[in-house]
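There are 2 protein chains.
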Amino acid sequence: MAEIIVQKFGGTSVGSVERIAEVAKIVEKSAQENNIIVVVSAMSGETNRLIGLAKSFGENPNKREFDALVSTGEKVSASLLAIALNQIGIKAKSFSAAQISMKTTNNFSKAKILDIDDKKILDTLADGYIPIITGFQGITETGDVTTLGRGGSDTTAVAIAASVKAKQCDIYTDVDGIYTTDPRMVPNAKKLDAISMEEMLEMAGKGAKVIQIRAVEFANKFNVPVRVLSSFEQGNGTLIYLKDDNNMENALVSGIAFQKDQVKITLHGVTDTPGIAYQILGPLSDENIEVDVIVQNVSVNGKTDFTFTVSEEDKSNAEAVLQNLKDVTYDDLIIDSDVAKVSLVGVGMRTHAGVASTAFKSLSDNEINIQMISTSEIKITIVIKEGALESAVKALHSAFELEK
Amino acid sequence: MAEIIVQKFGGTSVGSVERIAEVAKIVEKSAQENNIIVVVSAMSGETNRLIGLAKSFGENPNKREFDALVSTGEKVSASLLAIALNQIGIKAKSFSAAQISMKTTNNFSKAKILDIDDKKILDTLADGYIPIITGFQGITETGDVTTLGRGGSDTTAVAIAASVKAKQCDIYTDVDGIYTTDPRMVPNAKKLDAISMEEMLEMAGKGAKVIQIRAVEFANKFNVPVRVLSSFEQGNGTLIYLKDDNNMENALVSGIAFQKDQVKITLHGVTDTPGIAYQILGPLSDENIEVDVIVQNVSVNGKTDFTFTVSEEDKSNAEAVLQNLKDVTYDDLIIDSDVAKVSLVGVGMRTHAGVASTAFKSLSDNEINIQMISTSEIKITIVIKEGALESAVKALHSAFELEK
Chain X
1 MAEIIVQKFG GTSVGSVERI AEVAKIVEKS AQENNIIVVV SAMSGETNRL
51 IGLAKSFGEN PNKREFDALV STGEKVSASL LAIALNQIGI KAKSFSAAQI
101 SMKTTNNFSK AKILDIDDKK ILDTLADGYI PIITGFQGIT ETGDVTTLGR
151 GGSDTTAVAI AASVKAKQCD IYTDVDGIYT TDPRMVPNAK KLDAISMEEM
201 LEMAGKGAKV IQIRAVEFAN KFNVPVRVLS SFEQGNGTLI YLKDDNNMEN
251 ALVSGIAFQK DQVKITLHGV TDTPGIAYQI LGPLSDENIE VDVIVQNVSV
301 NGKTDFTFTV SEEDKSNAEA VLQNLKDVTY DDLIIDSDVA KVSLVGVGMR
351 THAGVASTAF KSLSDNEINI QMISTSEIKI TIVIKEGALE SAVKALHSAF
401 ELEK
Chain C
1 MAEIIVQKFG GTSVGSVERI AEVAKIVEKS AQENNIIVVV SAMSGETNRL
51 IGLAKSFGEN PNKREFDALV STGEKVSASL LAIALNQIGI KAKSFSAAQI
101 SMKTTNNFSK AKILDIDDKK ILDTLADGYI PIITGFQGIT ETGDVTTLGR
151 GGSDTTAVAI AASVKAKQCD IYTDVDGIYT TDPRMVPNAK KLDAISMEEM
201 LEMAGKGAKV IQIRAVEFAN KFNVPVRVLS SFEQGNGTLI YLKDDNNMEN
251 ALVSGIAFQK DQVKITLHGV TDTPGIAYQI LGPLSDENIE VDVIVQNVSV
301 NGKTDFTFTV SEEDKSNAEA VLQNLKDVTY DDLIIDSDVA KVSLVGVGMR
351 THAGVASTAF KSLSDNEINI QMISTSEIKI TIVIKEGALE SAVKALHSAF
401 ELEK
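As given, the protein sequences belong to chains X and C, one line each in that order. Numbered according to the working numbering, the first sequence spans residues 1 to 404. Numbered according to the working numbering, the second sequence spans residues 1 to 404.
Isolated chain X, as found in the complex:
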């Protein structure tokens, strides 16, 4: 039996019947060499249409029913693609998450995949059919339909690839690969032929929206090589390779990710006692507020400043949590919405000094003030004023010669 490749097509790739016909041709061609399993998103716009319907009765529709409703979008695109394939003589069968027993936790709208019954998928392949599977959804132990959250189709694809031991998972989208940074901001940004899974994790986590971070985590955990490529034009896309798969010399900096819509929150004059970070961040985590760059200065006279960023949408929620903190005393709560984050990502940073200083010099030369800095082994994140974002990204892109 030929090797298996999982191909995932996103919303714009199946956004119209014409697009679906194009996808059918891609699948037809790939099926000449490999066993293909397809995962599809809903047609672009459809999920938003369904969400609109759900919210027409009130802002907070019943969670179980909300998932049952929005999960219909992928059922439509999966059967349409199966129709298109059969029409050109390629045997294909669509399957809902329920039909392949894609079991998840019962957290509606953000369920996590627990288990896949790959027997039905493999039997379907063995029977000579291409399985077309609905992304983004699953079922609970009791058969209720769940969804995995926005972008969850990527995770579905990688999870299936892991389950059937596919040699690769191809994520088809409307861009032709991963770039050194967003080409809409830096016109000479360069497409990467390959990027390490670790770097991709840092890129995705910081707002590179090409692929969902949970999907990369899944791929990393189960050793599934992932390729990101375009369904609109030919090309090899960008391979996201596993740790030891690639011998090429690691680039110092592979890419620059950035994120607007950030809020910087400072608790000024916090009484510094042991466990203070947990006492502040624990209640935020309990509310599912994701805290990002965290900086705590050394304390002076038993008091310190504690600063972190959250995304704009969590702002009011975070504010409420902080105002009700029980065991923390502080002088001021300062909230600044006029900030953005820029991250330099590169495995090469591990072994090369000087990345940080090059970055800081470049920003300084451009008179961009750095508000916060946070570093990890393969990443440097800098918080700046939102208005300075574009010139910062351009300056850094040029300083590390990423256009070459």
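No wet-lab data here; the hints were simulated from the structure. All figures in this text were calculated on a predicted structure; none of them were measured in a lab. We put the CB at the ideal spot given by N, CA and C, even for glycine. Please note: incorrect hints may appear among the correct ones.
Covered stretches of chain C, going by a simulated chain X footprint (3 or more residues, C-beta under 8 Å) [what the hints assert, rightly or not]:
(1) 57-66
(2) 178-189
Derived pair list, reagent style SDA-like, types lysine to any residue, alpha-carbon separation capped at 20 Å [unchecked claim]:
(3) C:K29 with C:K91
(4) X:K91 with C:S56
(5) X:K25 with C:S56
(6) X:K260 with X:S391
(7) X:K55 with C:S56
Using the hints provided, position chain C relative to the given structure of chain X.
Frame of chain X, contents of chain C only:
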């Protein structure tokens, strides 16, 4: 436990979010007195939209995938109604056919219901939730999604009512009940408070489109009283009562059904041998062509004329079958599309003579020529020129004083 009533809401009843909110109110009110199980159709227009999508790749989409696709319409309306009910404080859960194991045959697009697992439905009721079930669909033994054919949601509702031994099945639609004939043709047509199941079978079979004939057959077989009523206005609708449930004197004629888009086919000069009817009709039946009014004249000189009607959509298919008949010889094949059928239906005909002669006199007085006549115990069907249909229906309606 209170008695169970199954309520089915058709496409126009759930045609918009505003309509769904109205349906939620009807369910809320009914649930104060009885245990309610709801069955829904797709929002009006949605099934046609999905069929259009399916056919955008070719006129004959893969049958399995076609059913998987169009069945999503009811999933949307079921979860939307569940959302609307939860929003007003009524606990409700939507279920797809798969979730309640509504097993059918594997004839895609015209599957027949085999079995329902009513445990999930009854458990849901016992837990205090109103089950909202997708009409029109089922699953095969191997888990493929099927649909029951147009209007199949009525059948779903009656089948569920039979399975859970409901005291009644209410079919909510956009008309307020069954009329003596179509009010669009005869303005003083009268709504019937009740009609016998037998009469309804004859009415539905002849084109009264208020309720699907298979649903009435199901109701008849499993003794489920059915009520047809409007979701747009208050009223008691029309009760379709079981044979021995009703003591009121049977009307001579309860209603007049009619059907346009008919084709009259005559095999002229057929050599009359034993079994000739079967040799003609058997091959038509094999092609799923439904033959209706059949007339065979006495034979003269060993030759006879054999005439029957089919619906317009089967015309070319029927013609092909007849031209390839192996064991039948005839002189001419005459096809006449300019015909319509009118049927008088009434249980009272059984015991009262004179219905036929009153009908024929009325048509004669109006100079309407009768082309074919076929009678059963409770029905007289007449085939006339299509152009004479309206005056025929009006004349008969008046002759039997149905407006009173």
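The hints, checked one at a time:
1. Coverage of a stretch by a chain is defined here by at least three residues with a beta carbon nearer than 8 Å to that chain's beta carbons; for the stretch 57-66 of chain C and chain X the count is 7, and the condition holds.
2. Counting residues of the stretch 178-189 of chain C whose CB falls under 8 Å from any CB of chain X gives 0; the rule of at least 3 is not met.
3. At most 20 Å may separate the alpha-carbon atoms for a hinted pair to count; K29 of chain C and K91 of chain C meet this at roughly 13 Å.
4. Restraint check for K91 of chain X and S56 of chain C: the C-alpha separation of about 18 Å stays at or below 20 Å, so the hint holds.
5. Between the alpha carbons of K25 of chain X and S56 of chain C the distance comes to roughly 16 Å, so the proposed pair stays at or under 20 Å and holds.
6. Distance hint between K260 of chain X and S391 of chain X is fulfilled; the C-alpha atoms sit about 14 Å from each other, no more than 20 Å.
7. Between K55 of chain X and S56 of chain C, the direct Cα distance comes to roughly 30 Å. Violation of the 20 Å bound is thereby established for this hinted pair.
Checked against the numbered hints above, the structure breaks hints 2 and 7 and satisfies the rest.
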